[in-house]
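Mapping of the sequence shown onto this note's numbering: position 220 corresponds to residue 220, and the numbering continues sequentially without gaps.
Treat each hint with caution, since some may be false.
Computed Cβ-Cβ distance ranges for the label pairs, DEER-style [what the hints assert, rightly or not]:
no., residue 1, residue 2, range
1, Arg216, Phe158, 47 to 55 Å
2, Thr570, Gly501, 52 to 60 Å
3, Leu329, Ala427, 45 to 53 Å
Keep in mind the hints are simulated off the structure, nothing from the lab. Glycine is no exception: its CB is placed at the ideal position from the N, C-alpha and C atoms.
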Amino acid sequence: MVSGVSLNLIELGHFAAYLAFFVAITQALAPVAARVFKAPGLRTLSVNGATLLFLLTTVGALTILYSLLTNNFSVLYVASNSNTHLPTFYKIAALWGGHRGSLYLWVWIMTGYTAAVAHHGRSRYPDRLPVIMAVEGALIAGFYGLVLFLSDPFTRLFPIPPQGQNMNPLLQDPGMVIHPPMLYMGYVGFSIPFSFAVAALLTNWRSELWIGHTRRWALFAWGFLTAGIIFGAWWSYYVLGWGGYWGWDPVENASFMPWLMGTALIHSISVQERRRMLHTWNIFLIITTFALSLLGTFLVRSGVLASVHAFSAAPGQGVYLLTFMVVVLTLAFGLFLVKGGYQQAEESFISPFSRESMFIWNNVIFTVACASVLLGTLYPLFLQAATGARISVGPPYFDLVMVPIFLVMLVVMAIGPLVSWRKANVAKLRGRLVVPVLVGVAFAALVAIVWAPVYWTAPVAVGLVAFVATTIAANVARAVAQRRKQHHEGPARAFMATVLGNRRHYGGMIVHMGILVIVIGLTGSGLFAKSKLVMMAPGDVLQVAHERVRFDGTRNVRGPDYTAVQGRLTILNNGAHLRPEQRVFFGSPMQVERPSVNSTPLRDVYVDIGDEHDGKWEIHLFVNPLVNFIWTGGGIVIAGLAFSLSDYVRRRKRVAVTSGAVASHS
1 MVSGVSLNLI ELGHFAAYLA FFVAITQALA PVAARVFKAP GLRTLSVNGA TLLFLLTTVG
61 ALTILYSLLT NNFSVLYVAS NSNTHLPTFY KIAALWGGHR GSLYLWVWIM TGYTAAVAHH
121 GRSRYPDRLP VIMAVEGALI AGFYGLVLFL SDPFTRLFPI PPQGQNMNPL LQDPGMVIHP
181 PMLYMGYVGF SIPFSFAVAA LLTNWRSELW IGHTRRWALF AWGFLTAGII FGAWWSYYVL
241 GWGGYWGWDP VENASFMPWL MGTALIHSIS VQERRRMLHT WNIFLIITTF ALSLLGTFLV
301 RSGVLASVHA FSAAPGQGVY LLTFMVVVLT LAFGLFLVKG GYQQAEESFI SPFSRESMFI
361 WNNVIFTVAC ASVLLGTLYP LFLQAATGAR ISVGPPYFDL VMVPIFLVML VVMAIGPLVS
421 WRKANVAKLR GRLVVPVLVG VAFAALVAIV WAPVYWTAPV AVGLVAFVAT TIAANVARAV
481 AQRRKQHHEG PARAFMATVL GNRRHYGGMI VHMGILVIVI GLTGSGLFAK SKLVMMAPGD
541 VLQVAHERVR FDGTRNVRGP DYTAVQGRLT ILNNGAHLRP EQRVFFGSPM QVERPSVNST
601 PLRDVYVDIG DEHDGKWEIH LFVNPLVNFI WTGGGIVIAG LAFSLSDYVR RRKRVAVTSG
661 AVASHS
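Model the full structure from these sequences, guided by the hints.
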């Protein structure tokens, strides 16, 4: 039974969304109107409207959420993505679990970013803020047009059905509650540097005056995109039942490409801040990173891809997205070509072998990696459009191309921090490299003794990881020793003072250590995983690698909104139990296999159960080494990023204290 309150609230949300759409248009046009009508006061509409835009969009989101929680099946989106049996936890996730709701989440997040920038910029860059807000307003208006006219989550359904269709069973997992919002926070977050760059090109704003502001927004977006990718891999591993976590699916690639260029951007901004170089290149990177975010949105939502991650597209939506993307990027890159040269003359290199040259190599590597992924992702689409032929570019291509690229990246990661700015002291560098090289060679040799005849990449990867880790440790040790010498402190106190005194730098080192842990996980699980697919009767024992697993039969179980056949298996090595399931959800004909995993720090025993034939069940058993290193490394990366960003908070507090002290003495 749908209450009158629910009916009225969804109409209120619909009205708020339309009002927000017109506020976004006003925000985009206000600076133009101010110039045309010579009324500077109109510029403030762009800034003042940002908070209103966010609040109106929030009202719309809350009314959709309330409709989900109260089973308001008069709303088409609710009837298509929820039912009375769906647990409350997943009703909340259903807000972005369907196509229309996820688009609204995208707009909601974008308005939140815009309001935050408006608040942040009022006292820092008030003259340029209206133009930044205008660019954001134009982007929001474009996406709002898509939401309201082609993918409206407020659309009503009459007659009202007594029951909904349920949320996609594959999405009913805690990881899915976290993964999309984080991914969208990353995608959408790169719109902020984009708006800064476009505003700078439009107003001849010298990049040294705004690039530092964009760095924190880029870091913020990059962190969420990283977390979203990690959680997406985790969800794929624990839910989809194929034993892997990354398959170079086109939609996975769509998130990976802006991550690669965003990583290049973060490193490149550091060079500009330190050496006043790469001004024009950084603007290009900013535009390209956001362009790839838009491309990812198009690939996921246009219907051109068949993927477990992709949404089915509404009629006309692919054309709208493609047109919107082409218009935005044509204007942005055209503006860049016309006005990108206003930047000041850049300092020349002092030496081709210097810290800045290492950053250049870093950018080259990430750009080549991104181009390689882009080629592998789009080539099948172009070939199909041109010839009608269907091909799939999968892991063989990506592994062949990407593994050497990332091994080279590890070398640059190791040497970069050891090289001085402007010009490296070759003799000093040689001395600093001796121990790390010896450690790397030792680890590579140790691994090669066992695995080199089969996998050459294992000793190379492990050796490079040891090499990089040793250079990081030695770098920290030298800084601590220098502080102890200057301040006569104990080792622990000197270490804490060193790290806390330069959080931005050492946060980056923590991120690098997290990447190394991920590389170990990728190497172990990618090269040494073992699996078998067999038919098993109760009492049968299967051995994979060193793990022996007994099949004890099945039983029927019932969940909050599903029934399931549950497999019962025992790992004989440690007595642990595995409980994979075949689930059938209420309101959905889809049968979903849910794997079971027994994890230790060094290996996962992973099992999936299939169909039954003549009293035997299809059992797919995997032994995956070092998978937990990937999740642990991802956590270290996020922790390092948070530590680095805390430097901004510390500086703001210090400025506030200083300002307060000055005011008290004035």
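Taking the Cβ atom of Thr570 and the Cβ atom of Gly501, is their distance within the range 52 to 60 Å? holds, 53 Å
Holds or violated: 45 to 53 Å for the Cβ distance of Leu329 and Ala427? About 48 Å separates the Cβ atoms of Leu329 and Ala427, which means 45 to 53 Å holds.
Distance restraint evaluation - Arg216, Phe158, Cβ atoms, bounds 47 to 55 Å: holds, 48 Å
Figure legend: structure checked against the earlier numbered hints; every hint is met.
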